[in-house]
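These two chains come separately, so use the hints to put the complex back together.
Each chain, written out:
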Amino acid sequence: MRLRVLVPSLIAAALPLVAPRAQAPEPVHVESFTLANGLRVHFVEDHSAQVVAVNVWYDVGSRNERPGRTGFAHLFEHMMFQGSANVGKAEHGQLVERAGGQYNGSTAPDRTNYYNTVPSNRLNLALWLEADRMRSLAVTAENLANQQEAVKEERRMRFDNQPYFGAFVDSVPLVYDRDRCFAYAHSIIGSMGDLEAATVEDVQGFFDLYYAPNNATLVVVGDFDPGQARRLVSDYFGGIHRGPLPPAVACEPMPTVGSEMVKRVADANATLPAILMVFRTVPPAHVDFPALELLSTILGTGESSRLNRTLVRDAKLAVAAQALYNPFGPMRGTGLFGALAIANQGVDVDTLHTRLMQLLLAAGGSITADELTKAKNAWRAQTIFGRQQAIAVSEAVHYAAMFLGSPEAVNTDAARYGAVTLADLRRVARTYLRPENSLTLLIVPEGR
Amino acid sequence: MRALSTIIALVLLAAPAAAQFPTRPPAPLPLEPTLFPPFVEFELENGLRVVLVSSEKQPVLSLSLSVLGGATHDPAGKSGTADLVAGLLTKGAGTRSAEQIAADIERVGGSLGASAGQDFLTLNATVLRDDRELAFSLMADALLRPTFPPSELELLRTQSLSALALEKSQPDAIASRAFARALYGDHPYGRRPTEASVTAITRSDLVAFHASRVQPGQALLVIAGAIDSTEAHRLVEQSFGAWVRRFPPTPPMRPAPQRATSEILLVHRPGSVQSNILVGNTTWLPTDTRGYALALANQVLGGASDARLFQILREQKGWTYGAYSGVTRTRGLGYFSASAEVRTEVTDSALVELLLQVRRMGSEPLDFEEFERQKQTLVGRFPLQIETADQVAAQVARARLLGLATDYVQTYRERLSAVTREQAQAAARAGMRADAALIVVVGDGNLVRELLERIAPVTMVDVEGNPIAPTQPVAPVVVPSRPLEIDRWRMTPATDSFTVLVQGQAFGHQVSALERFGDGWQYTEQSVLGTLIQQQTTVRFSAAAAMWSVEQSGLFQGQELRLSVRYGDGTVTGEGITPGGQGGMQPVRYTAVPIPEGTVDDNALQALLPYFNWAPNASFTVAVFASGKGEVEQRTFRVVAEEVVSVPLGTFAAYRVSYTGGDAPGTYWIELTAPHRLLKFGPSGAPLEIVRVR
Chain P
29 MRLRVLVPSL IAAALPLVAP RAQAPEPVHV ESFTLANGLR VHFVEDHSAQ VVAVNVWYDV
89 GSRNERPGRT GFAHLFEHMM FQGSANVGKA EHGQLVERAG GQYNGSTAPD RTNYYNTVPS
149 NRLNLALWLE ADRMRSLAVT AENLANQQEA VKEERRMRFD NQPYFGAFVD SVPLVYDRDR
209 CFAYAHSIIG SMGDLEAATV EDVQGFFDLY YAPNNATLVV VGDFDPGQAR RLVSDYFGGI
269 HRGPLPPAVA CEPMPTVGSE MVKRVADANA TLPAILMVFR TVPPAHVDFP ALELLSTILG
329 TGESSRLNRT LVRDAKLAVA AQALYNPFGP MRGTGLFGAL AIANQGVDVD TLHTRLMQLL
389 LAAGGSITAD ELTKAKNAWR AQTIFGRQQA IAVSEAVHYA AMFLGSPEAV NTDAARYGAV
449 TLADLRRVAR TYLRPENSLT LLIVPEGR
Chain L
5 MRALSTIIAL VLLAAPAAAQ FPTRPPAPLP LEPTLFPPFV EFELENGLRV VLVSSEKQPV
65 LSLSLSVLGG ATHDPAGKSG TADLVAGLLT KGAGTRSAEQ IAADIERVGG SLGASAGQDF
125 LTLNATVLRD DRELAFSLMA DALLRPTFPP SELELLRTQS LSALALEKSQ PDAIASRAFA
185 RALYGDHPYG RRPTEASVTA ITRSDLVAFH ASRVQPGQAL LVIAGAIDST EAHRLVEQSF
245 GAWVRRFPPT PPMRPAPQRA TSEILLVHRP GSVQSNILVG NTTWLPTDTR GYALALANQV
305 LGGASDARLF QILREQKGWT YGAYSGVTRT RGLGYFSASA EVRTEVTDSA LVELLLQVRR
365 MGSEPLDFEE FERQKQTLVG RFPLQIETAD QVAAQVARAR LLGLATDYVQ TYRERLSAVT
425 REQAQAAARA GMRADAALIV VVGDGNLVRE LLERIAPVTM VDVEGNPIAP TQPVAPVVVP
485 SRPLEIDRWR MTPATDSFTV LVQGQAFGHQ VSALERFGDG WQYTEQSVLG TLIQQQTTVR
545 FSAAAAMWSV EQSGLFQGQE LRLSVRYGDG TVTGEGITPG GQGGMQPVRY TAVPIPEGTV
605 DDNALQALLP YFNWAPNASF TVAVFASGKG EVEQRTFRVV AEEVVSVPLG TFAAYRVSYT
665 GGDAPGTYWI ELTAPHRLLK FGPSGAPLEI VRVR
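Chains P and L supply the protein sequences, listed in that same order. In this text, residue positions in the first sequence follow our numbering: the first is 29, and each later residue adds one. In this text, residue positions in the second sequence follow our numbering: the first is 5, and each later residue adds one.
Quick caveat, the hints were computed from the structure, so don't treat them as lab data. Take every hint as true, because none was put in to throw you off.
Which stretches of chain P does chain L cover? Using the computed rule of at least three CB atoms under 8 Å from a CB of chain L, they are: (1) 292 to 300; (2) 321 to 332; (3) 335 to 345; (4) 410 to 418.
Here the structure is a predicted model, which means the values were calculated and not measured. Beta carbons: idealized from backbone N, C-alpha and C, even for Gly.
Isolated chain L, as found in the complex (with noise of 0.2 Å):
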């Protein structure tokens, strides 16, 4: 035999590092305060502000400079113009020719550019330290002396005219192409250029616009990188000091269209294997304070692969390779938007799915912990946000241009650490509008057009937009019975235990778990209520709580007691010996019941609960079947108050909620707050009540 020490030694050599490897995630290593890195700005004489971020880190620079003269300001008819004046500032400036230009630009291996967004026209260049003078002088050029060549103009065009072209042909551009014109109407934040506008574009449009737009006043520089405080002043004052400052008019901006109800926008696109869905409504202005409420609320629905859409449509569905959610600020309106590219044949469930879960946000509080952690992530997310300094610039940028306050860069982690679920949830209500939403789908008209039809009104388009009429007459909407709209979301599994008290005196107990099978659910049931009844339960049902099984055992005063339940094609089959009403056995046969969609075995009711949307006030009807007597029978769940209760488990504020229908009605107090647990329920008028140990 070894000595006991070698064996020791040999036992530790064997496995030393399984045995230290961490279970759990390392917690955080501490961390410096991260500031919010130094810059500088100042504003020359004529009004153009600019942004300073000095860096060593590498030797480049990079510098950005934007206009008020996006696609917002483009004249009637002529959308596009905004488009074709950027394209075109790099196309001959001062005395170069657009060969030149590329030439000289890209012999340093810098880049330079320019792009319209929907407020802004952005100029932007980025070069090595060295070649600086290179790239103000090529910047000033571009954005004060473009000379427009004809010949440019029409090469651009053609371009333009191909791209629109292409963009036929791509579902996501098609999608948020006809999302942006259903979304803002006539306001100019849903025009887009057409054939017909880019092609009446004149160049006198374009001097005009440039003419207008391009003013120092409204103007702002942003300069990253390696270069000091000096030399940026020398270069801003020499390249845009004589940039002479005109006031031209600010449109104002026009009210968007405002929804009532939702509507469905559907894109034909024949042959698609997908559906492009695309969900949103207008917000606010940027300056609305409610906006960290509402990315913070935004972040939990679909701002990261933990959030609801990605988990439910992609992880747990399957329908999807992703689903997220956004808000987008602009300097007028902005927008909440969510979106999910799906398989062709699951259109109408992940658009039932992504509203509901859009629904959600504002009707029910939001999950402590998942609230939590989706603002850890909004907030620590920030050092990856200035990494470096164009990063930096671009955050200060933003806040500029969009009129935030002053201070927004340093205090905006510290303002959305301060937002409360209670914010967000409202923040949800006001700007996450399931009832009011616009719909966009772009896929096969043919095949999904009757089942979005029974989601809300549809109108059918071409990728042009032409209203496309019914080929043949659309069968009659037939809202089907809705499957009971319990949160699949939140449920998990678990193990409960209750006290039977009768006269306030311990009975019994009840003890179930909750587990998964499958694709779905088993909810096992053991009671014990004296010598009176034991019986175990066992109920199956899918994801979506569709039924499948119940198999019940046990013994009623001393009597067998079976059931066995079969759910499948809109019927159900069962067979057993179930208590009568004086006390006695009987047996129970049926076969093939019809049932509606949705029904739900009156033996899975108490796993079901605790993932109904509670909600104050809300009131529940479900269609139950009492497997033990055969029937269906609607019974109707309502919140009739807020209070505090007392059980073995704790003390709780909880919904009371009464319930009818069915044999005896009753009272039930369910958690006011996610995970909804079942605190403790009885009977009306029987001195029996059942509350939760654990």
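Chain P extracted, bound-state conformation (with noise of 0.2 Å):
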């Protein structure tokens, strides 16, 4: 009985976890120090109820590939989780879960994280966990036999089985030059291929390389005394060797300007035909990058915004539209822009292609100062709803530390937002979004 929200749920369902792209106005206090080994580390206290986040982002992720080698990050991720030396397989979780917590991880193109949420009494085993695998992870040939199937199988149910997924994560790295920025131009998941080669010794080298201390950073939010808690993070991480310095990641930065790139994919899960551009945009750090999001919110996002009125409730072309903002996650490379449209039924792809791009190309001399206001409320709004639970706060802390250069731009990250002019918006909106900056999927069920 939720006919409404079944599309976009779809829609969110296919996309790895997006960290925060929004940091509240209201400060939040952050304590950081970083262990001899290199381990940077940030506290923040909240007492208001008793729960604690314990959050450890890598820095790495798809990006960090080589060709031949795709999908290493996230089958690394699904190997954090198959045991280390004072922990069995799977026994992460379960211990986790028995102490009344959750966890979880992601890969995304720049990180991969890893995150607990436990009773505030459970944080020293939250923290012992992490150190666990951080130190001593089991790089063994059966838990990677055993993951490269469970990827596979992730594969095909999150994707080969549904619509739109596997064209949309398969195609949209093709915005991106291989030759110039192979770091984004394949997939998170990988190839298959690739990922059936993989050796036991390719999974240690990655760990040697990746998950040493020095190339991580845990943050700790909520319920906790912070004398006790740094004690604790000291005794479990302060032993972990440091790792050699990972190699620098080669992506030139692309240019907005290059040939229009359309590609027609035949989808044998799909009933209606879908549309998805994609723009190559700025890293977060970009001084275009707030205005961005914005026009991404005022374009996409919400029924009154322009995609909804006009292609959904107006034209009655599509029955869902929305715009997508780096829909991987945040990238410290270029970034992504994406407008995505499914066709109501009856309406011929080619024509809600013309009408979507005339949509956007209209938003470089059309954005009205009302538009602009309503956008950085709702990202006001949005940014004080994501500080009710520790673990998004963990996630902005960790948004702030990579993607802005430090912790504390978690407090002045809004006032970025705040002096996004009417004029940022147009001048982004020209330079941006422009059928020589974009590749266009347009996605048609099979047979049709």
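Take a look at the structure:
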């Protein structure tokens, strides 16, 4: 009985966990220190509920992968739940669940995260578990074979057996040039052939290179005593050896002008055609980033957004239309601005494409001050709503540290959004939303 | 040479943390008692009940108003009415058009929306504190003064029809729709919107539904966040005080169909690369006090990643990305379900395993350690479920809407903690019906139909629910000889030690070990009986107890004894010299002897006995290959009594199990509770007993 929300939730389900892109005006007090082995640690105290979030980000994602070795970062996320010196296979999750907690991990282009929320008296357990796998992951042939299968099953379940996802995941990276930026020119889940070819040595090498304390950041948020937490962090993580410096990621910034790419993809699982347009943009620290994010809100978030009002409500060309800002997660290289529309019954995909392109091109000259205010309010409200749970605050601190250069930016990012002007919006619309900077996927039901 | 103190210092410096790093998970830190956060309840004169949870943590306010107007109340032939009413509440209300409502709420960064569940229609709003007047005013307009513009109805109808079309491409949506329809039949919980029913709904249907179902006496308003009681009272009175109370009839709930045996509904999805399996049955009313025990049983079965379904179907078998079970409570009859999405080629294996695990929940006592840890999980999870004000409010609202006890949220954890293993097993026996289950499989019928017919009667339909006749006559149903149902899930490496007593005097010993071997197991057994016999036996078999090999060597009355056996492809080949009937030795040799599926080597029996599904009056007939003779024998193991036995290891409650078939009938004593260790055994009519030492 969920007809109305079905389409958006379908899209949300396809995407990896996206780090919060926005910070609230209310200040968060961050206490930071670095262990001798290079592990960066940020604490945020909040005693309003008896829970604590322990969240480790490793500075590794699909962008660190090389040709022939794609899918490693994600495969590795699976391996991290297969046990370590003192924790059995899958025992991490069992211990957290038994403690009444929740846990998971996710892989994005730029980072892999492992997060736990536990009742506050189990902070020690969550820290111990993260430390044990950082220092002694069990990289064995058996675990590798098992997880190669699990990833293949994940692909079958999440992509190959669902409409749109496979086309979406496989084709969006084509907006990047493989030769200039292989880092982002392949999917997170990677090639199944590459995955099968992975050896224990490959995986061990990946661990040694990227899963060292000096390549990780730990954030703890919630109901804890900082003195006690500091002792626990030092006891558990202090003895882990520093690793080598990982090689730099090779990715030349992509120009915003190239040639328009249009790709038609047949999808056996789809019953309605869909269009996804993707434009190359900028990293979060770039001056244009807040304006682009507000532009995506104006164009495609909410019922009063331009895409919904025009394509769904007025022209009735689409059953759903929305913007997707960095759908795979933020990137320190060239980012993504997407617009998605699923065609209404009987609507020709090319008609919808023409209308969608017109709408996006018109944005550069027609955004109003009212729309800008609305987008800023929405950003502020969403940011505050997102501060209600410890885990969300921990993600916000991580985001600030990795993408904005400092955990303190969790408190200053809002000013960048507040300062965006109408002229900024129009300028970024004209600069980035142009056909020669885009990839268009026309996803059509197979055999129709 | 360095001074000793220097060496000690260097050693300490070299690996200080490695030495200190705890090898066991740290014990819990002290925890302040978690009290359920305070909340306030009040009622307006018109009967509207209000739950208020005040919290200043963030300047956020959320509102949720539920009326008894879910899909259960859809008029006959017009399924989807409640959905359309919910969708249109925010598409024109009071003096605002749909565009104005969306613009007003989105301008402040808030959200407003309604949805219809089975029982209730619920309207939600979330705003920053400063926008509370707007939120209350929009909520009241939407709920009490919707205008149902015809153009909005047609737009929403079109979207609904498209969404129905989209659903047909989503296997999980197909599965849950088919499951609900077949589980509840004509009961309102079984109805789902169809193209025909959504097309048939008129605007006057919506107006009539709204007029009859949106009543303050059957409504609950939940307010959570940055608002105090005075302000909440003021806004509630201002917005909902004039809502007039009337008393609509509440239609009685019809009973749902009862199933006597299991049946499979196969939804044919040509080309599907996986099968979505959904198994379940209807349960009870939400007020049934067995609900706590069933929730715990469900937790053990499939409530978490350390529960049985996930551990077996994903971690052990690698058949699926996840496998879970759940208990759904509604105002009327709830249901139990277990599900997995598996590769097409393992559809039947996965279903058999799923059903076996569901059955075990009711048929055998729960393991103490497993039960306690799953209970700890459910109870311990509570702090995370009440982290935010709207989570707290949602807990209270659910209890009120389902008509649970007034102190439900405060006593929930204590009541859950008090559930015993026996209560959980009894609840599972009544509420998880592997013998009377509805089984829905969405997958490629051409590939899985015949396999499924071996498990239960199959009805095949297309995604619209239309029956599909078999394109060719299906071969007669052959029920294969069932593999021995040993409880693989419990198998664990172990070392056992026994003393052999002859007329009460120690005469020899037997030491055995079960270890993992590749994907399967290796059982080794060393026996010494005075000078009579010394032998060592190694049996290897798969995780499913399919035999791989037997190697045996030793001395029998000073003469060499040996045996080498290979199993494979439904046959067995062996060669050796074994003790004959008259005390002498005789050679044996057999090649490719056919054996039934599930046959167990007699040398493996002792290793496998603890993993039978032991229960009062249980009886197992097992095909056993006597590899020393080269013959298949049927042996029957029957629980004949429960008694207390004392062995050197200790005193235990045990099943006395008699076995027949083979050369020497005899008796086993098996520990009553899991891990069902073998405590004592011996042949009938001989002064020989083998008793457990360790």
